[in-house]
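Colleague: Take a look at the letters that make up each chain.
Protein chains: 2
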Amino acid sequence: MASAKTVIIRFQPHNREIQVPAGENLLRAAVEAGVYIQASCGGEAFCGKCRVKVERGKTESPRSPKLSEEEYRQGFRLACQTRVLEDTEVLIPVESHLDRRIIARTRERVTAGRRVSHQELESLVLGWCFSPALRKFYAEIEPPSLKDNRSDLSRLLLGLKKTQGMEGISVDFCLLRKLPFVLRQSGWKVTATVVQTRMESQLGEYQLRGSRRPKLISLEEGDTTREHYSIVLDIGTTTVWAQLLDLNDRKTLAEDSDYNPQIQFGDDVITRIVYSQKPGGLKKLQETLIGTINGMIRELIARSGVNPARVSHMTAAGNTVMTHLLLGLDPKYIRESPYTPVANYIPPVRAVDLGLEVGEHVHLYTFPSVASYVGGDIVSGVLGSGIYQRKPLTLYIDIGTNGEIVIGNSDWMVTAACSAGPAFEGGGIKHGMRATTGALEDFRIDPVSFEPMLLTIGMVKPKGICGSGLINMIAEFLEAGVITPKGKFNTDLPTRRIRPGPDGNEYVLAYAGETATGSDLVITEVDIDNLMRAKAAMYAGYVTLLQSVGLSISNLEQVVIAGAFGSFIDVERAITIGLLPEVPLDRFLFIGNGSLLGARLISFCNEMLDDGERVCRMMTNVELSETPAFMDNYMAALFLPHTNGAEFPGVSARLAGKK
Amino acid sequence: MASAKTVIIRFQPHNREIQVPAGENLLRAAVEAGVYIQASCGGEAFCGKCRVKVERGKTESPRSPKLSEEEYRQGFRLACQTRVLEDTEVLIPVESHLDRRIIARTRERVTAGRRVSHQELESLVLGWCFSPALRKFYAEIEPPSLKDNRSDLSRLLLGLKKTQGMEGISVDFCLLRKLPFVLRQSGWKVTATVVQTRMESQLGEYQLRGSRRPKLISLEEGDTTREHYSIVLDIGTTTVWAQLLDLNDRKTLAEDSDYNPQIQFGDDVITRIVYSQKPGGLKKLQETLIGTINGMIRELIARSGVNPARVSHMTAAGNTVMTHLLLGLDPKYIRESPYTPVANYIPPVRAVDLGLEVGEHVHLYTFPSVASYVGGDIVSGVLGSGIYQRKPLTLYIDIGTNGEIVIGNSDWMVTAACSAGPAFEGGGIKHGMRATTGALEDFRIDPVSFEPMLLTIGMVKPKGICGSGLINMIAEFLEAGVITPKGKFNTDLPTRRIRPGPDGNEYVLAYAGETATGSDLVITEVDIDNLMRAKAAMYAGYVTLLQSVGLSISNLEQVVIAGAFGSFIDVERAITIGLLPEVPLDRFLFIGNGSLLGARLISFCNEMLDDGERVCRMMTNVELSETPAFMDNYMAALFLPHTNGAEFPGVSARLAGKK
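One line per chain: the protein sequences are U and S, in this order. Residues 1 to 659 in the working numbering are what the first sequence spells out, letter by letter. Residues 1 to 659 in the working numbering are what the second sequence spells out, letter by letter.
Don't read these hints as lab results, they were simulated from the structure. Take the hints with a grain of salt, since some may be wrong.
A pair counts as met if it fits within one copy or between any two copies, since identical chains are not told apart.
Using 16 angstroms as the maximum straight-line C-alpha spacing, the simulated EDC-like pairs for lysine to aspartate or glutamate come out as follows [claimed, not checked]:
no.: 1; residue 1: Lys147; residue 2: Glu626
no.: 2; residue 1: Lys178; residue 2: Asp330
no.: 3; residue 1: Lys147; residue 2: Glu623
no.: 4; residue 1: Lys430; residue 2: Glu336
no.: 5; residue 1: Lys189; residue 2: Glu71
no.: 6; residue 1: Lys147; residue 2: Glu336
Excised from the complex, chain U in its bound form (with noise of 0.2 angstroms):
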């Protein structure tokens, strides 16, 4: 492909070279180079600070007209405007009032962690073939005659045992009320979707190894077997992801995403909890998030284009408190010692009865629970990353307002769960917003004027700060010591972005008239203060968990990072910050939505949901709240990096080396 093409930038006066895609945008390749450029309006070309001067090399870039045409031809650019064709040197002009110390500070940017494709993804999990529970087959039927009238059920049952050989098959009595109709205004060609699963059966441990006998649950005029389609979810606390998968050819068709409408009824699963025990709570609950996943289901279809009536199978995976929300299920005793939820195996459940729009005929198939706080979605994540089937000690940690971690390979897992709240996903922070378009997700400061470099997505003006954005930033600040590892802002700084503000000091990243909400953007103690907490939580969580097994962070072979946060996150920054472990880097693996991934695996290969359930019985739960240990190691943790410096021995030199 064309887009293979890759060329090589050399930015001055900082001397530093990139080989980036051709075509890449220059203030983008610049972040990626750690090189500062002024920027702040996201990326784009409104507040005209990014301009550099292309001194050879062919690039595309329209003239602004916060350029002269003297200038243009000069060569100078706005950096956020410009894509590289060819080999590039690009000089970057140094403002008089900054000296050259900005160029030593900068520090080269390591890519770290190996990202991977959803090809690749689906490779992580050994000897799995694709066969989907669910399968359509087209059959001819022989019409009825007075010799032969038996019942349109018992005629289409005969015409599915002799085209298919399917027998056995037992029957969706939602199906009979349009069989006559199906049958005839399709001339007696029609195709049955036909699920073979455990309808009824996968329900604890003692009954695992249930029959799968094959259910008849639609009927369609015609042959359309070529459109056969599944929904998975993944429930989070914050966020909502939903899937179209396309099931004759494992391809995903569509994505979508949103945040979590609880939100406003608690910031987490306790918060959540408690709303639920106030009349009309649960309900509530169950009918926001219904409401919200349906509008996603809309925009799946508009995106993918699909017949919305060809979707016959729904997979859903989500902490134990967000399933028993979504299916109505009360959570009260999730929350009060000896944390018992209703149900680990929930039984699949018509999806109309739950107020989902979709067919009558589709079942909602629920990813199975470990424990109160170690839900679904963990189960789905451990199974997609089949981190079960593989020797060396893996940490997974699924990162988000529940944040979930497994620690274990083949042989034997361990697993707890701790609420970090919802500042990763955006939440409780005030500009907080998801990772959407004009969320800010890159940040540069330059380490002289303390002047911000903004990159957001989409390159449009900053409407807010996204969970990655948020690491980034804090990171930046530690390391040119806008803050102290106390997560207060050093107001010495010769800085007027620095300033005080209704929730303590604040830095200004964007004034008003740079921003899409047209007040000024900022960050502020409270915010920093929100999300310390969070990655102490998570930080004091597996390395709680590590102890719980005698075994600390240096044991660790490999590092799974889960959450679709986590497929943004820049490792070694969130390193910085104290979240994540010091180790190697080419030991981290970001798999993105790993709830996603195990649910989109079971919709492709029916036989997984036995090692979905084997997952589960190979974890052994461990209750956070009643380990002494685990509060102690998150008071240690309420600090950037860490209060012992000891174990993040390189961060710690790091920025004491910059002292």
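Based on the hints, put chain S in the right spot on chain U.
Modeller: For chain S alone, kept in the frame of chain U given last:
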């Protein structure tokens, strides 16, 4: 028991004796003995006509205002008010204008056919044991602790395994919503209702031997094993019957019946199908029926005093069209050649989904049908009567609006349905009504004066005529020469009771002053014509079916009469009008509502499901409407008893002897 004592009553001047239970009503005894006493108020002591003189023996009888003190002292009594306590001799005053011919003309009544009790009925079927599909188990569950905080569901299943040895249980999702509360509010002492039946699999000839995994459908606080109920329904075209069963001790706790409210939309299955094709018609038909059933359920609950929440199973039997309408399945193609129903085997349906007002855990099991016009009701009846297990060649007739016929034995069975119309159930008859209080059920006519003797159900003023009363009446009319074999009134007779009316000639059974309605109670030639057409359809049905297998009435070794109506029928009179075949009376067996019989059997014995399905498979359906001989047989039967006297030699000879 005291009531087992019998007394002998001798009627004079007839010099006829009858043995009856002590305490028997004298008027009823007279009817039974075939002795005519004038009586036109149904037995309510209103008309005062049934005066008799007790010559000897002890009776109990209040003095009616219709009798003077002098008459009372002389021994005159109103027969309808008199209970016979000892052997008694009674003189029936013969009015002066009547001569003694009356005595010569009365004829001893034959108590024909064997009516069996509930207990006997259940013994008609061989080899079944009391083993309901639904069982209740009391279990004391170990509460959760931090060391064992498995989910509530896993805990419950483990408890059932430990205390009951039950494994491999699947669970109804609906149960999960209340699970945590039932467990805790009961202090972990609960009763589980488990159904072990093919909830998903009894769907046609290809997988009849499906697995029978136990399924947990309900959980109740404390030990409720003693309260364990089921409801069985017979959905007839004209009448709906319901029984509440105790699943612990195989008792019928309450029974109720009502007209099928769909009558307002059409008298028979064909007109119902026609109505179902109108906009909203199918929904309307279903809803009105469900509404009536709900009323009957409330009535069963009220009569039995059981806790409605403890009803956990429903079984319904009905003809194919009624089954479709009950379930909301479109019966359209049942009416169009080649007459195909949607399904013969229906998967169990959650009762609340149909609008039935029972617990949401209750599933409705529907008896499988054989063909479009041979429904689950007859399968149920054939099952319940055990004829599929025995050698004698049997004719099984379910007399009703949709008459159903089976001929066969343990080796083979043929079956057919014929639309008889609702006359047998009081439908389409000017003053027709169901067999409830006030319905004229027995009838004698003075062969000289042609004055009537009416006996009503409940012995109250007559309100209308029920099916069995109608048959009795027409047979009496025929024997007395009041009507011709063509069903026309003999207007030459010296009685004012035969008069012209809006529907042709009519006979006044009771004048306005003697009825509960306040207007004349009559029977018209149109009524008689309706009954003749109904009986002709039944007769032609079984004769045609016999012919189709090369047999005739003389081959019949047993005649089983089913239908709630059938249990009230007077077999001799039914032969007289040509409804039942003229075979020796001891070959008749009355089983009452066969449909309920089988449904009850299934409720009590899960294993009989297999037999029910075997019965289905054994039956070969004959479409009478496609059999030319049927119409010939029908036309020939539109006569009393039949155009061919040789078909009813006994009746014909008797009638000839009276001329």
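Colleague: Among the hints numbered above, which are violated by the structure, and what are their numbers in rising order?
Modeller: Those not satisfied are hints 4 and 5.
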